[in-house]
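Engineer: Chains as they are written, first to last, in the numbering used here: chain A, 1 to 119; chain B, 1 to 119; chain C, 1 to 119; chain D, 1 to 119.
Simulated from the structure, these hints should not be mistaken for lab results. One thing to keep in mind: the hints can contain errors.
Said to hold, decoys possible - Derived DMTMM-like pairs (lysine to aspartate or glutamate); straight-line CA-CA distance at most 20 Å: (1) A:Lys62 to A:Glu51; (2) A:Lys62 to A:Glu39; (3) C:Lys62 to C:Glu49; (4) C:Lys99 to D:Asp113; (5) D:Lys92 to D:Asp113; (6) B:Lys92 to A:Glu49; (7) B:Lys99 to A:Glu51; (8) A:Lys99 to B:Glu114; (9) A:Lys99 to B:Glu86; (10) B:Lys5 to B:Glu86; (11) C:Lys62 to C:Glu39; (12) A:Lys5 to B:Asp13; (13) B:Lys9 to B:Asp19; (14) C:Lys111 to B:Glu61; (15) C:Lys92 to D:Asp113; (16) D:Lys111 to A:Glu17; (17) B:Lys99 to A:Glu114; (18) A:Lys111 to B:Glu86; (19) C:Lys99 to C:Glu114; (20) B:Lys5 to B:Glu17; (21) C:Lys104 to C:Glu86.
Protein chains: 4
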Amino acid sequence: MTQLKTLQKLVSDFSNERDWTQFHNLKDLAIGLSTESNELLQYLRFKNEAECLAFMKANPEKIEDELADVFYYLLRIADLYGMDLEKGLRQKMVQNEAKYPADKVRGKNLKYDEYDQGD
Amino acid sequence: MTQLKTLQKLVSDFSNERDWTQFHNLKDLAIGLSTESNELLQYLRFKNEAECLAFMKANPEKIEDELADVFYYLLRIADLYGMDLEKGLRQKMVQNEAKYPADKVRGKNLKYDEYDQGD
Amino acid sequence: MTQLKTLQKLVSDFSNERDWTQFHNLKDLAIGLSTESNELLQYLRFKNEAECLAFMKANPEKIEDELADVFYYLLRIADLYGMDLEKGLRQKMVQNEAKYPADKVRGKNLKYDEYDQGD
Amino acid sequence: MTQLKTLQKLVSDFSNERDWTQFHNLKDLAIGLSTESNELLQYLRFKNEAECLAFMKANPEKIEDELADVFYYLLRIADLYGMDLEKGLRQKMVQNEAKYPADKVRGKNLKYDEYDQGD
């Protein structure tokens, strides 16, 4: 079993032992992704980059905790709906290679519709 | 190299080839987690559970695409700041076991501060 | 002074008295909108409609508190960047009237690109 | 009728003419607040402060459009559930005055639990 499938099984076993699968629909799990991402954002609000790094250095467990929560919901959705996270990511990266050719976008923080795509 | 480390390297190589690491600070990457989670939510807004499932069945690639985006940012943060996603998740699940004892919370969608913790 | 301008002044005076305007850039205030919206969402996660209503009835001040936080950031952005919230809303509603003709979309929870726009 | 009540009526009339109130439950409207806030955030992702201001100057209507969407959902929730936005904001500001005494927090971007509250 891959590392991701092993972790998916870990979170699913946890839910199944608690009979929680009945509450785990796609919308509420997606809310989980959003709310946990925003708990992370809340730590960083009104902090400049140096302050963000200082916060992370002083409180690494707070950052790791929110990332674990996001990961938990991601794994749970993948497991419940039979999605392959590695395959999805690899497909995305292939698309990103095409959308953002390295020689066109190097050093530019533009979206794919903001840089000159012609030549 | 573990599956997660391999995928972390994939997204980091992509950024490095584009000289994008200069833009990748914790706050903006956390914004990435939130915005991509909310693109997923946007597909589900005002849909009941049957409509969410029908949408996912008709457009699996849209759901997978947003999950891949969330995963991308999660891997990028972990790689940039040296966080171990598997270890973080396993620690979290140990905490969750303690916060949500199976025999106390079975079948209940309560938060850990909403069920009777006494005995 | 309109009601909205009066309230904008209230939140701006509060910030100015604390010399907080230096921290109030558009990105962090937008993070404020997102994080406070997600605190509201967190109360509703994994609750069905009846449970959401019961929660709101039992804890109206929690809902009002999060809405006030969202409103605070909205007023602050409008005031800092000279945006007219009433005018913006009225323009939006005119656009929505065109995008969602009442006789085409009545009783349908479709996005403007999902219903038959032909005739 | 106050300005806020007039605007609440505007958005509610729009929904009622389309028979959309059946879809407007608290959870989906809260998702609306979050998704529209995140559309705003998406414009600002990976931009530094000067780039954010330049973007706003070049595209004021994009920023106003997302703020109008957030305001729409806020007004809709207030109207559907009988909440008084002005009253809620004023109560919040009274609480904030107590939590953040001007002489203690002047010029500091700390949360209320991060500054010295003793004397």
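Engineer: Can the restraint linking lysine 9 (chain B) and aspartate 19 (chain B) be considered satisfied, given a maximum Cα separation of 20 Å?
Structural biologist: With a Cα-Cα distance of about 15 Å, the restraint between lysine 9 (chain B) and aspartate 19 (chain B) holds, given a limit of 20 Å.
Engineer: Measure nothing beyond the straight line between the CA atoms of lysine 62 (chain C) and glutamate 49 (chain C); if it is 20 Å or shorter, mark the hint as holding.
Structural biologist: holds, 17 Å
Engineer: Checking one constraint from the list: CA of lysine 62 (chain C) to CA of glutamate 39 (chain C), max 20 Å. Satisfied?
Structural biologist: Holds, because 10 Å separates the two Cα atoms, which is no more than 20 Å.
Engineer: What's the verdict on lysine 99 (chain C) and aspartate 113 (chain D), does the C-alpha distance respect the 20 Å limit or exceed it?
Structural biologist: violated, 46 Å
Engineer: Taken at face value, is the distance from the CA of aspartate 13 (chain B) to the CA of lysine 5 (chain A) at most 20 Å?
Structural biologist: At roughly 24 Å apart (the allowed maximum being 20 Å), aspartate 13 (chain B) and lysine 5 (chain A) break the hint.
Engineer: Are the Cα atoms of lysine 99 (chain A) and glutamate 86 (chain B) separated by 20 Å or less?
Structural biologist: violated, 30 Å
Engineer: Just to be careful, I want the Cα atoms of lysine 104 (chain C) and glutamate 86 (chain C) compared with a cutoff of 20 Å; is the pair within it?
Structural biologist: violated, 27 Å
Engineer: Is lysine 99 (chain C) close enough to glutamate 114 (chain C), meaning Cα to Cα at most 20 Å?
Structural biologist: holds, 11 Å
Engineer: Run the distance test for lysine 111 (chain D) versus glutamate 17 (chain A): straight-line Cα separation, threshold 20 Å.
Structural biologist: Violated: lysine 111 (chain D) and glutamate 17 (chain A) sit about 38 Å apart, past 20 Å.
Engineer: Under the criterion that the straight-line Cα-Cα distance not exceed 20 Å, is the pair lysine 92 (chain C), aspartate 113 (chain D) satisfied?
Structural biologist: Violated, at about 39 Å.
Engineer: Holds or violated: lysine 62 (chain A) and glutamate 39 (chain A), Cα atoms, limit 20 Å.
Structural biologist: Cα-Cα ~10 Å, so holds.
Engineer: For the pair supplied as a hint, lysine 62 (chain A) and glutamate 51 (chain A), is the alpha-carbon distance within the 20 Å limit?
Structural biologist: Cα-Cα ~15 Å, so holds.
Hints 4, 6, 7, 8, 9, 12, 15, 16, 17, 18, 21 from the list above are not met by this structure, while the remaining hints are.
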